[in-house]
Amino acid sequence: RIFGYPIGIVGNNGVLFSESAKKGAHFIQLCCQRNIPLLFLQNITGFMVGREYEAEGIAKDGAKMVAAVACAKVPKITIIIGGSYGAGNYGMCGRAYSPRFLYLWPNARISVMGGEQAANVLA
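Position 6 of the sequence shown, counted from 1, bears residue number 6 in the UniProt record's numbering, the numbering being contiguous throughout.
Check before you lean on any hint, since a few could be wrong.
Once the Cα atoms are required to be at most 27 Å apart in a straight line, the calculated BS3-like pairs of lysine-lysine come out as [unchecked claim]:
| hint | residue 1 | residue 2 |
| --- | --- | --- |
| 1 | K23 | K60 |
| 2 | K23 | K73 |
| 3 | K22 | K73 |
| 4 | K22 | K64 |
| 5 | K73 | K60 |
| 6 | K22 | K60 |
| 7 | K23 | K64 |
Please keep in mind that the hints were generated in silico from the structure rather than gathered at the bench.
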């Protein structure tokens, strides 16, 4: 609760795995059913990739989370407190999903991919 009003808080720190994406999607849907506004605290490097994680269903569960955010009819507020990279930006209610307010910490970064990831791709 913030000032007596219920609010759903979705936060992360780093990579989103399959289980965390599924849990986030269910939480967002629950808040929507109860008409509870959502606050997203982003510090995300994206969804986990790799053969093992794809076999566990990261694509399906990540899509569930992105769809839950896209279909949410409740007010959404996003605060980017660190990095916001790639598809993780969509899963955590980035600008493309029109949150009511979008705040960035002074050291926040938004990009298609992080600098370390880009260096590995280009190497």
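Hint check results:
A threshold of 27 Å between alpha carbons decides the hint, and for K23 with K60 the separation of about 13 Å falls inside it, so the pair holds. Simply put, K23 and K73 have alpha-carbon atoms about 19 Å apart, close enough for the 27 Å limit, and the pair holds. Proximity of K22 to K73 is assessed by CA-CA distance (about 19 Å); at most 27 Å being required, the pair is judged to hold. Of the supplied pair hints, the one linking K22 and K64 holds, its CA atoms being roughly 7 Å apart against a limit of 27 Å.
Note on K73 and K60: the hinted pairing holds, with a Cα-Cα distance of about 22 Å set against a maximum of 27 Å. A threshold of 27 Å between alpha carbons decides the hint, and for K22 with K60 the separation of about 9 Å falls inside it, so the pair holds. For the suggested pair K23 and K64, the alpha carbons sit about 10 Å apart, so the restraint of at most 27 Å is met.
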